[in-house]
Amino acid sequence: MAGVSMAGFRGRAEDSVELRMVPYPAITMFIDFGDALLVDDASGTRKRGGVIVGPGLGSVRGSGRDVDLLQVRLSPVVAHAVLGASFELAATVVALEDLWGRDAERMREQVRAAGSWDDRFAVMTAALARRRAAGRAVDPEVAFIWRQMMTSRGRVRVERLAAEVGWSRRRLWSRFRSQIGLTPKRAATLVRFDHVAHRLAAGHSAALVAAEGGFVDQSHLCRDVMAFAGMTPAAVAAAPWLAFDDVAWPARERALGV
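My numbering numbers the first residue of the sequence shown as 1 and each following residue consecutively.
Hints are computed from structural coordinates only; laboratory data are not their basis.
A hint or two may mislead.
[Claimed, not checked] Taking lysine to any residue pairs in the SDA-like style, the calculated list, with each CA pair at most 20 Å apart, reads: (1) Lys185 to Trp241; (2) Lys185 to Arg153; (3) Lys185 to Met226; (4) Lys185 to Pro140; (5) Lys185 to Arg169.
Model the full assembly from the supplied sequences, consistent with the hints where possible.
What follows is the structure, encoded as structure tokens:
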């Protein structure tokens with residue numbers, strides 16, 4: 001399904017392993033059957049089982065010893081129809097049951113009973129497809145603008161996009177924020193940050209990444225990285241989550257589409 005990517009993880013460790021999430025331009029769904037605990041340090045929220053993490057959150061950390069986890073990334077365009085709560089999810093961690101009710105537990109049991117990861121992916125894909133068909137799609141203009149942001153890696157002028165779709169700046173801000181969960185400017189900056197973070201993790205210098213990413217100078221890159229991740233570029237480059245991320249979603253598969 002376009003706009004959806006999945007990865008599965010299973011294993012045990014002698015001691016609990018903790019990873020802090022690096023902000024990402026997608027809504028992330030965790031379906032856990034082990035002992036994983038997700039904590040949002042900003043709000044104090046602690047969740048287990050089926051959990052939804054809003055786009056761009058950098059205050060979330062996960063920990064556990066017994067890992068049996070299906071992780072799903074949803075483009076905000078897809079998430080609007082599948083979850084029906086884009087605005088509310090923008091900066092929070094919520095239980096899947098709060099959005100899907102009893103269907104969440106039924107889906108979790110079907111995924112748990114599946115005999116292989118491919119079967120688990122198939123069960124989840126079917127569940128998402130049903131929800132998407134029954135949900136309300138974003139405006140075509142919003143979907144177009146999101147595609148432009150992803151294609152340009154966040155280097156777009158939002159005013160130009162508004163003019164291109166024939167909307168006023170006020171209308172674009174209102175419709176985009178209600179359906180995607182972020183303002184257009186914040187969304188574009190998040191997309192650019194994601195590209196920067198993966199370039200840093202790949203070993204490129206902050207100075208080079210700043211120059212290639214269209215930043216005025218390296219200090220502006222440092223400011224944006226600190227604003228999103230609460231870490232310096234050097235710390236982001238060494239973040240365990242990004243190494244883990246690259247195994248789960250290799251660079252060639254990272255594009256979210258719509």
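Hints, one by one, checked against the model:
1. Lys185 to Trp241: 25 Å, violated
2. Lys185 to Arg153: Holds, at about 13 Å.
3. Lys185 to Met226: 17 Å, holds
4. Lys185 to Pro140: 19 Å, holds
5. Lys185 to Arg169: Since the Cα atoms of Lys185 and Arg169 sit roughly 11 Å apart, the hinted pair holds (cutoff 20 Å).
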